[in-house]
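In the order they appear, the protein sequences are chains A and B. Quick note: the first sequence uses this note's numbering, first residue 6, plus one each step. Quick note: the second sequence uses this note's numbering, first residue 167, plus one each step.
Careful, some of the hints might be misleading.
With a straight-line cut-off of 30 angstroms between C-alpha atoms, the simulated DSS-like cross-links for lysine-lysine are [as the list claims (entries may be wrong)]:
hint: 1; chain 1: A; residue 1: K164; chain 2: B; residue 2: K215
hint: 2; chain 1: B; residue 1: K255; chain 2: A; residue 2: K33
hint: 3; chain 1: A; residue 1: K224; chain 2: A; residue 2: K33
hint: 4; chain 1: A; residue 1: K324; chain 2: A; residue 2: K91
hint: 5; chain 1: A; residue 1: K33; chain 2: B; residue 2: K215
hint: 6; chain 1: A; residue 1: K72; chain 2: A; residue 2: K219
hint: 7; chain 1: B; residue 1: K255; chain 2: A; residue 2: K72
hint: 8; chain 1: B; residue 1: K224; chain 2: A; residue 2: K88
hint: 9; chain 1: B; residue 1: K189; chain 2: A; residue 2: K29
Label-pair ranges, simulated between beta-carbon atoms [claimed, not checked]:
hint: 10; chain 1: A; residue 1: N388; chain 2: B; residue 2: Y183; range: 31 to 41 angstroms
hint: 11; chain 1: A; residue 1: D339; chain 2: B; residue 2: C218; range: 50 to 60 angstroms
hint: 12; chain 1: B; residue 1: E240; chain 2: A; residue 2: H82; range: 42 to 52 angstroms
hint: 13; chain 1: B; residue 1: E247; chain 2: A; residue 2: M401; range: 49 to 59 angstroms
hint: 14; chain 1: A; residue 1: T175; chain 2: B; residue 2: E193; range: 46 to 56 angstroms
hint: 15; chain 1: B; residue 1: G248; chain 2: A; residue 2: S201; range: 54 to 64 angstroms
hint: 16; chain 1: B; residue 1: E247; chain 2: A; residue 2: L361; range: 51 to 61 angstroms
hint: 17; chain 1: A; residue 1: H82; chain 2: B; residue 2: I177; range: 26 to 36 angstroms
hint: 18; chain 1: A; residue 1: Q307; chain 2: B; residue 2: L214; range: 52 to 62 angstroms
hint: 19; chain 1: A; residue 1: N338; chain 2: B; residue 2: I177; range: 34 to 44 angstroms
Facing chain B, according to a computed beta carbon distance under 10 angstroms, are these residues of chain A, among others [stated by the list, open to error]:
hint: 20; residue: L87
hint: 21; residue: K88
hint: 22; residue: Y89
hint: 23; residue: E95
hint: 24; residue: I96
hint: 25; residue: Y100
To be clear, the hints were calculated from the coordinates, so they are not data collected in a lab. Since the structure is predicted, the reported quantities are computational estimates derived from the model, not experimental observations. Cβ coordinates follow ideal geometry from the N, Cα and C atoms, glycine included.
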Amino acid sequence: MGRTILHCDMNNFYASVECMLNMKLRDKPVAVGGDVENRHGIILAKNYHAKKYGIQTGEALWQARQKCPDLIIVPPHYEEYLKYSKLAREIYSQYTDLIEPYGMDECWLDVTGCRNICGTGEEIANRLREQMYFELGLTISVGVSFNKIFAKLGSDMKKPNATTVIPEDTFREKIWGLPASDMLGVGRATEKVLNSYCIRTIGDLAQAPRELLKRRLGKCGEMIIQYANGLDHSPVAPMDYEPPIKSVGHGITTKEDLENAAEVWNVMLSLVQDIGHKLRVYKKKAGGVAICIRNNQLETKQWQCQLPVKTYSSAVIAKAAFDLFTRSYVWNNDIRSVTVRAINLSSQSEPEQLTLFADSSEVVKRERLEDTIENIRERFGKNAILPATLCRSIKMPTDRDVELQMPTGMVM
Amino acid sequence: MSYASTEQNTIEHRKVYVEVTLKVSPEGNVRPLTITFEDGIVYEIDRLKQRCRAHATKVGGTGIRYTIVVNNHETYLFEDEGKWFVEAKAQSGG
């Protein structure tokens, strides 16, 4: 007998939490929106009443208001969402210890081991839904299947507050008729390629020539054919599994467009203060730097480079990021958002092969200086000591001071 | 465990945080004894009937729900992250 995998998706998570916390919102069209002042003015989530007006996640608040003038837009309360996400996982943990979060509001559960005690996958799913509503006042959609991909597909098929079963023996009849893009792993770019070969449904994909897709989509092409045939064997990670930290990054959308390189430098310098701090906390060193720049036409470009000497110094990372920026960015449009990431991380205690030509003494000196700065910040607060250029207004947004540790281990 | 559907309410309610006196057993079990409402009136809890996690259907939020009997009335008292609240009727203030 195969595995029983559940995928639980909390319906309209942000909006549902807001409506649950404030009963007066319950029967009205409600959306959670970012801060317009800080140019985060998009819809982050909406409830079903708002959905009826055609409001979509990601659209601008003014567009949403045009569609529904009575729309109530509430600011996000990330601490609450994290709290309810954690409580939901506590409920799941009453059934299994194999719980793999997929974002804040979704989880895979492998309940194979508790079928003898708790019943079939469908019965467990129904109990979970009831329990979730009773304890937290939130609804979930649950997909039940024999692998993670189909369980996820199932949870998207019926919403809200529903269970969808995709059994191993009849999955072909049940899902092969669905659009290929419904399946996890088929994004917009892949869908475009598949469409060009008239591969439109999951069934088409399952029977597609393997060599052709491998040639066009690489490893990913082979993978999605396997998925469509129900051959996903990936395990559900145990709940205490902590994914290794691969990169530490920080990005922001500025309050106003950045108009020259000096302004970009200030923003980068501000961003790397946090990156340096996090690298110290995780005891990591960066072997490279990646930057992501979005201009005011919403076009995004990314670049990355290696560092000659691995470091956790914010100043060295900032300088490398800025050099990369000046070398790579062609200034046709002003800049709307900047992200800096420290990549190719390795442990600080790991011995490092030095190169003959790079001078590491400067970097070591800088790291010592920043250790002292970090000490001062620890004792007197984050802003006790700052680069002088950051003491004035540098177009940084002011709406998010909380650091979010996502259930997936990502630090935002 | 079965989860009975909760009653529909037409009266408006509001969340009122209250002062609570607790008795904590050596094993760590907590038992609320009295509730001091926002107007200062102290209500003695005559009976504690049930304790479970549940959401507050009338005012929103969640917590450990204590089903209690006060003056022959069954009502709920919630504990959420160390704070205690009741679902009070909006018009009468309790």
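(request) Double-check L87 of chain A for me: the hint is only fine if its C-beta lies closer than 10 angstroms to a C-beta in chain B. (result) Since the shortest Cβ distance to chain B is 13 angstroms, the answer is violated.
(request) State, for the Cβ atoms of G248 of chain B and S201 of chain A, whether the hinted interval 54 to 64 angstroms holds or is violated. (result) 59 angstroms, holds
(message) Does K33 of chain A sit within 30 angstroms of K224 of chain A, going by the straight-line distance between their CA atoms?
(response) Roughly 46 angstroms between the alpha carbons, so the hint for K224 of chain A and K33 of chain A is violated.
(request) Starting from the hint 31 to 41 angstroms, judge whether the C-beta atoms of N388 of chain A and Y183 of chain B obey it. (result) 33 angstroms, holds
(request) Answer holds if the nearest beta-carbon of chain B is closer than 10 angstroms to that of Y89 of chain A; otherwise answer violated. (result) 8 angstroms, holds
(request) For the pair supplied as a hint, K255 of chain B and K33 of chain A, confirm whether the alpha-carbon distance does not exceed 30 angstroms. (result) 22 angstroms, holds
(request) Identify whether the interface hint at I96 of chain A stands, where standing means a beta carbon of chain B within less than 10 angstroms of its own. (result) Nearest chain B Cβ about 9 angstroms off; hint holds.
(request) Sort out whether K91 of chain A lies within 30 angstroms of K324 of chain A, counting only the CA atoms. (result) Between K324 of chain A and K91 of chain A the Cα gap is close to 38 angstroms, so the pair fails against 30 angstroms, i.e. violated.
(request) Confirm or reject the claim that E247 of chain B and M401 of chain A have a C-beta distance inside 49 to 59 angstroms. (result) Given a distance of about 31 angstroms, which is not inside 49 to 59 angstroms, the answer is violated.
(request) Please work out if K255 of chain B and K72 of chain A have their alpha carbons no farther apart than 30 angstroms. (result) The given pair, whose Cα atoms are some 36 angstroms apart, is violated under the 30 angstroms limit.
(request) Confirm or reject the claim that E247 of chain B and L361 of chain A have a C-beta distance inside 51 to 61 angstroms. (result) The hint (51 to 61 angstroms, Cβ to Cβ) holds, given that E247 of chain B and L361 of chain A are roughly 57 angstroms apart.
(request) State, for the Cβ atoms of Q307 of chain A and L214 of chain B, whether the hinted interval 52 to 62 angstroms holds or is violated. (result) 59 angstroms, holds
Of the numbered hints given earlier, the model fails hints 1, 3, 4, 5, 6, 7, 9, 12, 13, 19, 20 and 25; all others are met.
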